[in-house]
Amino acid sequence: MSITEILFWVLSVLALVSAIMVVASKNPVHSILFLIVVFFTISGHYILLNAQFLAIVNIIVYAGAIMVLFLFVVMLMNLNAESEPKKNRLLQFAGLISGGCLFLVLISAIAKSTTANNVMQLGSGNSGLIKNLGMVLFNDYVIPFEISSVLFLSAMIGAVVIGKKEKAAQDGN
Amino acid sequence: MLLAIDWFLIVEKLVLIVIVVMASLLIAMYATYGERKIAAVLQDRRGPNRAGPFGILQPVADGLKLFFKEEIIPNFSSKFLFILGPSLAMLTAIMTGAVVPWGHTIHFFDRDISLQIADVNVGMLYVFAVVSMGVYGIMIGGWASNNKYSLMGGLRAASQIISYELPMGISLIALLMVTGTLSLKEMVVQQQTGYWNIIYQPLGFLIFLICAFAECNRTPFDLAEAENELIGGYHTEYSSMKLGFYLFSEYINMFVSSVIMATLFFGGYDIPFINEADYNQNWMALFGIMMLMTKVVCFIFLFMWVRWTIPRFRYDQLMNLGWRILIPLALVNMLVTGGLVLLKQNHWHF
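Protein chains in written order, with this note's numbering: chain A, 1 to 173; chain B, 1 to 350.
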């Protein structure tokens with residue numbers, strides 16, 4: 001085993017265990033912390049694939065911003081196992097089935113795809129480096145890129161509008 | 001096949017890591033001494049002068065005192081997270097040093113040794129990621145204390161850091177447009193041959209500086225530990241060395257952000273008006289490190305000067321400054337920079 005393989009197995013085990021702990025732990029704050037560990041291990045995988053830019057952006061966006069907001073909300077509302085409303089049996093069953101369906105779809109997609117059967121070139125590929133990524137994004141995929149930017153912008157404006165509305169309602173009272 | 005690695009490289013990097021971590025700790029230690037002395041000068045006092053000549057052993061005495069204090073973990077707190085909080089704060093404070101170019105390449109034992117632990121090509125983003133991780137130590141510690149003042153402090157810290165990350169990131173984007181690289185090493189090399197980035201990005205630097213104050217939780221933005229509203233803020237329940245870690249990580253953060261500002265905007269280890277290539281490589285590396293440290297000391301002094309001069313902001317003022325002033329300014333800075341860069345690429349023709 002080379003050192004990258006050892007790292008791969010360590011990261012994979014860590015990722016899977018913490019992913020299970022996200023679902024299994026009773027305390028929502030612990031779940032979020034395990035989710036952060038998952039993001040870190042995924043970033044580790046990106047680094048093994050020589051995709052440094054993706055690794056760092058994954059940490060900045062998910063672990064650094066979104067998870068902070070998650071933690072913020074959970075801490076502010078002081079959620080814990082006792083205050084959690086009892087879930088409907090039917091709802092749990094539906095969740096199980098839909099989750100299982102997604103799992104099957106993912107498995108079949110990976111099994112069918114041709115690239116997944118190739119052994120990944122660890123540490124040697126350079127498609128994840130920022131220069132190549134930028135070239136691809138701004139040459140070959142300009143239109144999807146711009147459309148997704150518009151989508152983000154509209155989401156941002158939507159958030160601002162929702163925030164404003166509540167404030168106006170409060171002022172009215 | 002197992003572990004077929006360049007052992008010299010590993011040893012070299014390990015030595016470098018140990019030196020960088022030790023140096024950060026030492027400088028942070030003496031930054032506490034410097035802070036008390038500077039505060040004393042600004043307030044017309046003498047400051048610490050009992051331990052050793054000029055009170056030079058004061059940080060050691062403070063550290064020993066913290067070690068010997070009773071260690072208290074509140075009954076109703078989550079013990080693991082309570083300990084994790086200060087550890088994370090310390091960890092993220094030290095991690096940034098990994099991508100900073102501390103000096104020229106030196107030449108020893110027929111090997112070129114780079115004075116940078118890792119020259120990743122996304123160095124600037126790495127710094128940004130580590131900074132955004134820094135909030136977890138405070139948030140987790142504040143929550144795990146099971147105390148409403150601590151929680152308030154932690155939440156304040158989180159919202160403040162998230163708010164000030166945005167203008168910081170945007171000002172970095174403008175800098176990126178000018179330099180065209182994300183590697184800190186390459187940025188320093190560019191500034192050695194050309195002008196320092198402060199000439200191209202004065203407004204960007206100002207925004208970055210203000211955000212650095214906010215990210216380090218320094219006065220006038222230390223709302224997370226505003227003692228007259230929140231007792232001690234997020235570290236109210238902490239005692240002994242765990243409190244020491246929180247206080248200490250603030251000083252390390254200050255050191256690290258000074259290093260980053262010096263590297264990004266003030267040429268890093270570049271010695272102004274001297275062409276380093278003309279002289280002996282190793283000596284120039286040494287002088288370069290000293291030059292970087294001089295710049296860093298100036299920035300640390302600025303941090304302290306501001307702390308003892310400007311009173312704390314009110315919380316709404318803090319948020320207004322972040323969202324209503326700094327972000328629009330940073331956006332304008334980015335647009336203007338983008339326009340000028342485009343014009344330059346077009347050889348100044350419209």
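Don't take each hint at face value.
[As the list claims (entries may be wrong)] Below, in silico cross-link-like pairs of lysine-lysine (BS3-like), each with a Cα-Cα straight-line distance of 30 angstroms or less:
no., chain 1, residue 1, chain 2, residue 2
1, B, Lys344, A, Lys164
2, B, Lys148, A, Lys26
3, B, Lys65, B, Lys79
4, B, Lys69, B, Lys148
5, B, Lys79, B, Lys69
6, A, Lys26, B, Lys344
7, B, Lys79, B, Lys148
8, B, Lys344, A, Lys131
9, B, Lys13, A, Lys131
10, B, Lys148, B, Lys65
Derived from the structure by calculation, the hints contain no laboratory data. Quantities reported herein were computed from a predicted structural model and do not represent experimental measurements.
### Task
Measure nothing beyond the straight line between the CA atoms of Lys13/B and Lys131/A; if it is 30 angstroms or shorter, mark the hint as holding.
holds (27 angstroms)
#### Entry: Holds or violated: Lys79/B to Lys148/B, with C-alpha atoms at most 30 angstroms apart
Since the Cα atoms of Lys79/B and Lys148/B sit roughly 17 angstroms apart, the hinted pair holds (cutoff 30 angstroms).
### Given hint Lys65/B paired with Lys148/B - CA-CA distance at most 30 angstroms
holds (28 angstroms)
### Task
Would you check the hint for Lys65/B and Lys79/B, treating anything up to 30 angstroms between C-alpha atoms as holding?
This hinted pair holds, its Cα atoms lying about 23 angstroms apart.
### Query
Holds or violated: Lys344/B with Lys131/A, Cα cutoff 30 angstroms?
Satisfied, since the Cα-Cα distance of roughly 21 angstroms is no more than 30 angstroms.
### Query
Going straight from one Cα to the other, do Lys79/B and Lys69/B come out at no more than 30 angstroms?
Distance of about 19 angstroms is within 30 angstroms: holds.
### Query
Are Lys344/B and Lys164/A close enough, with their CA atoms no more than 30 angstroms apart?
The given pair, whose Cα atoms are some 41 angstroms apart, is violated under the 30 angstroms limit.
### Query
Given the proposed pairing of Lys69/B with Lys148/B, does the C-alpha separation stay at or below 30 angstroms?
holds (24 angstroms)
### Message
Hint check: Lys148/B vs Lys26/A, CA-CA at most 30 angstroms. Holds or violated?
### Response
holds (22 angstroms)
### Query
Does the alpha-carbon distance linking Lys26/A and Lys344/B stay inside the 30 angstroms limit?
The hint is violated at about 58 angstroms.
Going down the numbered hints, you'll see the structure goes against 1, 6, while the others check out.
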